[in-house]
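*Asks:* Work from the hints to combine the two standalone chains into their complex.
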Amino acid sequence: MAGQDTSFYVAIQGESVRVDVGEVSDTGAQFRIGEHTHAVHGRYRPGQALQELTIDGYPVRFRVDQAGGRLTITRRGKQVSTRAMTALEHDLYALMPAKQVADTSNRVLSPMPGKLIAVYVEAGQAVKAGEALCVIEAMKMENVLFAERDGTVVKLDVSAGQTVDADQLLIEFDRPG
Amino acid sequence: MPLFDKILIANRGEIACRVIRSCQRLGIATVAIYSEADRNALHVRMADEAWPVGPAPSAQSYLNVERILEVIAASGAQAVHPGYGFLSENAEFARRLDEAGVVFIGPPQGAVRAMGDKIESKKLAVQAGVSTVPGYVGIIDTPDEAARIAEDIGFPVMIKATAGGGGKGMRVVSRREEMAEGFRAAASEARSSFGDDRVFIEKYITRPRHIEIQVLGDRQGNIVYLGERECSIQRRHQKVIEEAPSLFLTPEVRRAMGEQAVALARAVGYFSAGTVEFIVDQERNFYFLEMNTRLQVEHPVTELVTGIDLVEQMIRVAAGEPLALRQEDVTLTGWAIEARVYAEDARRGFLPSIGRLTDYREPGGPGIRVDSGTYEGGEISMFYDPMIAKLIAYGEDRAEATARLVDALDAYDIRGVTTNLDFLGSLLSHPRFASGDISTNFIAEEYPDGYDEPTVSAAEREVFAVIAAYVRAQQELRARHVHAGDADSPWKLLKRAGQGG
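Residue numbers (this note's numbering), protein chains in the order written: chain A, 18 to 194; chain B, 7 to 507.
No lab work stands behind these hints: they were computed from the structure. On a predicted model such as this, the values are computed, not experimentally measured, just so you know. Do not rely on the hints blindly, as some may be mistaken.
[Stated by the list, open to error] Under the rule of at most 30 Å between Cα atoms (straight-line distance), these lysine-lysine pairs were calculated in the DSS-like manner: (1) A:K145 x A:K95; (2) B:K209 x A:K95; (3) A:K132 x B:K245.
[To be verified] Computed spacing ranges between beta-carbons, pair by pair: (4) A:Q65 x B:D123: 50 to 60 Å; (5) B:R197 x A:R124: 34 to 44 Å; (6) A:R124 x B:R213: 40 to 50 Å; (7) B:F200 x A:V118: 41 to 51 Å.
Every residue, glycine too, gets a C-beta built ideally from N, C-alpha and C.
Here chain B stands alone, though its shape is the one from the complex (with noise of 0.2 Å):
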């Protein structure tokens, strides 16, 4: 079966280009739509032809279905890849690509819709067999209802406000005797913020692990899984460091939630790319939290373990094409860790740095993969995400992955903006993450005012401290040279020819 003569990419930055470095592989013709903000961005200058779609605010360009729709038309676009984010997950745009007899690469929309919802997506998790964070999904009353309820499923539990969000209206109870205020306490929140006290319960996991499972579908109805990733490391529910495999699964815990994440998919008549996200507790108790119905900005570790290339098996599957590869095909080779490079302060909570890049160079070396859409030059605007990139590191096993990822860390040159470099090289060298003893509390435990000047030990103190001295000795050593060198200087010679003035 053919696969498609031209995609349209609706998105802009790294997942941009990276779709269309696997369009070119494939031989597929790529349209880039653009902003005017990002009229000499990288992904424009990659595509074979680029459109304009707006101004700056995404809402007025990556948002603009109409305007969108009218570069399919008079493009001849084919197909549509989305990446994630802007319309990945917009009922509305999929629709009226169908309409417009344009392919969605993409997932079911039915499946999208069922998953959009907290309480339908835990419903059908149920129905499925998948297992979910024991809990009581009804409205709860009374303090005494809740302790009831508390005590059934066993302490600690968090009481959730049902409109809730950005953790408000939530508390954590440990124990029976603390029920009666945290009840209160997160009604009354859940009041003042949303107008709404409906509380639930459910339990509380602590030190939880955030791993997720890759699933790939095809139109025929075969669905595989491509292994985890682990993305506990997270700064305010954003993910900052992934991997994958994870060092915490068993292979009998990661087929149990491999199959379990095949089953949600299939009871959606799932297709395409998509991940179910489950929190992991400390004994390997394996939770359904959600699922993600596009492809997820940490992909590349499960590509890297796996070799499969996933907007290759989105592209063919959208075709039409049945997948090439059975579960019992599917390994995981290797590690790969994932950093994600923000233009952020660090030393300023982390706060958004926005600027032209004045100097960039992207490392190198064996194993390492930079998924960027930047170049030295281009500029981080105020308008869209502050991701740089996503600097990925391949070895035999996690020690090697983790030293190439350092190495390429420090050999990443960029400057005009200030970048989360050294913050990713501090959690990649915490004795704790080669431990692999971390949960979704990681930076919180660690870093809890934040990330500043770390002290350093005698021994680095003594490499900071010969670096210094060594730069020192080189910038008098080159002064030197250059009154030295006036000895030879052509005004000089010329002046002792008698030719000089």
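Here chain A stands alone, though its shape is the one from the complex (with noise of 0.2 Å):
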């Protein structure tokens, strides 16, 4: 990688690790990471989400999900997101503010597909922490949803024998004072 950045910062659960990159050919790569050198072959297939590499002469399998800048990869039980960064990359990516999220503590929304078999609550009751809100069925399994604390329905969109989504808001409760 002649005239190009010879390292990347791969962040990983919290931790940025940099890795020297050495000689790279479609079929294989040098890396030092610290004192420790590591000898990867291997075609890297683009938009297969399994992949094989010998790396340090290990055949190693893994499947890799890509999706905004980041690589999740999954190897062996374990699942990690990981982003590899050039020099340049890694401090301006320091320099992004933190994305917020939004509250939506107030809001139940459905867990899974599903078709709601019963509504417990309606617009303007007082529900307390740990009350039933409502059942939905999914794979023969009745689950049940519980409020998470005391509160007031504002908002109660559906109602029983719908068929819900995933991620769809079911009841709005208002916000605590």
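*Replies:* Quick look at the structure:
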């Protein structure tokens, strides 16, 4: 990779691992992490989920899923999300604002696709934590959804008998004062 | 004696495909039934003929006895294999088949009835000399009486509601002083949950293992046991990993369990394939749990270590053939482990995941068997069990079988639905699984907060980092090739030759 960045910074589980890149061809590459050198052989198959390489002489099979610059790698029952960045990307990435997560704690979303077989609450009703809200049937199993905390139902868009999608809004509560 | 010309399989999914495969090998024509949701399912494609039996919900299709009987008559099937679940233990269905002169490929109905009742089956087991959980089968009225009985059988004990189920109305009591409160709590929970506060007492088995014995009998009264399966890796009483043999049993305990299982089967006049389930404590005391009067999901591990096709045996027995093997012919060779591959999201509390399998490729290789009922483009629907396949690995020993199974999990390509493949890999790679120190509490103990992204060791992190770096390096390389490749682009060549636009 003459004239290019010679290191990647790989973010894994809150750590940043510096990987120095040596020779790269389409059938292999040399890497160095700290004191360790690693030899990779094998062809990367773009667009395929399953990949097979030889790393330091050992066959390594794994699954990759790529989304939004992140590479999720699954192997031996362990699935980790990684992001391999150049030095420049690594420096810029540190400046990115943390993504704000919207507060959805007052909304009950359907955890799965299925059929609503019972709705126990109605709009305007006060509900105590632990109270059953509704029952969704999927895969022959009845799943009861319980209130996580006290609140009042402000919006109820669904009724028993209806089919619902995963993450569909079922019930909205008032926001805690 | 001739076997059947045509068999109807009253089931769907992997088990229907599994039964069809054995029929094909035996030269028997097969009839599939399907619901509207399964119109394009694999079992429909595999069978020689297929008949619709109703809309998607099981109650209107795979449990629709009237319609299935019509199909049997119209297709001319001489026998029915029920698989597991659905109509496999339905007395009414078996009776109607009998009336119609069609053979039910399964056990006699008297045995199914006797083993279907918890109290009756336990009484029969005691009479047949089968070891049962020490306890008091009668109703207990007062905490004092409960304490006296508990001292007889030894603490810890479990107080259980007679009407119980689903963990309600159950209390473990470890000491005499806890009895009053435990008794009150169990009775009150039983009253509020089932409207019935009657309770009984059983010895509580700490860290139990679930080990079951496969039995096989013929209509002539010969019964053999085909070794054990250990199914201790369970999640909420659902088996997840099964293996044969069990690392825990000594030859003496295996023989004792096998002989008691045969004695119980004999006591109810059993024939065909059946399973006697036991729980086994840490001292290798074993206690009868229940008998399953059907082919079980996890039967392949027994087939791999015994070399016996259980479906074929069931068909032969149903046709009236005597067993061709005696107990001394049964040997256990090597090791087999099965993992149940489910369309479920282990990170969201194991919720079922449904959808179309946009990519689906099964692993292969030495010792790998995949019992599945689907294909690429197939659908996992909300109407049925979300099991995609059973992935089974055979090896010379447990370590080899485990290694092959873990490799096969990594090579199983499923996209379109979320699967438990990585959770299964996590279980099988767990040091406690490798050591054999397992019990039915294993998953609850080792994954107390459910399953999440596991922390990786420094060495594993390096491997993941190398993989991530390699993928990135290859993508950069490809990007450069595409640019460099412009020099040889046919459009440029055309231009140079003066032919381009």
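*Asks:* In this structure, is the beta-carbon distance linking R197 of chain B and R124 of chain A contained in 34 to 44 Å?
*Replies:* holds (36 Å)
*Asks:* K145 of chain A and K95 of chain A were given as a pair; does the straight-line alpha-carbon distance stay at or below 30 Å?
*Replies:* Given pair K145 of chain A, K95 of chain A is violated - Cα atoms ~39 Å apart, limit 30 Å.
*Asks:* Can you tell me whether the CB distance of R124 of chain A to R213 of chain B sits inside 40 to 50 Å?
*Replies:* For R124 of chain A and R213 of chain B the Cβ distance comes to about 42 Å; the hint holds.
*Asks:* Holds or violated: 41 to 51 Å for the Cβ distance of F200 of chain B and V118 of chain A?
*Replies:* holds (43 Å)
*Asks:* Using the beta carbons of Q65 of chain A and D123 of chain B, state whether their distance is inside 50 to 60 Å or not.
*Replies:* holds (53 Å)
*Asks:* Keeping to a limit of 30 Å between CA atoms, is the pair of K209 of chain B and K95 of chain A held or broken?
*Replies:* violated (39 Å)
*Asks:* Straight-line Cα separation of K132 of chain A and K245 of chain B no greater than 30 Å?
*Replies:* holds (26 Å)
Checked against the numbered hints given earlier, the structure breaks hints 1 and 2 and satisfies all the rest.
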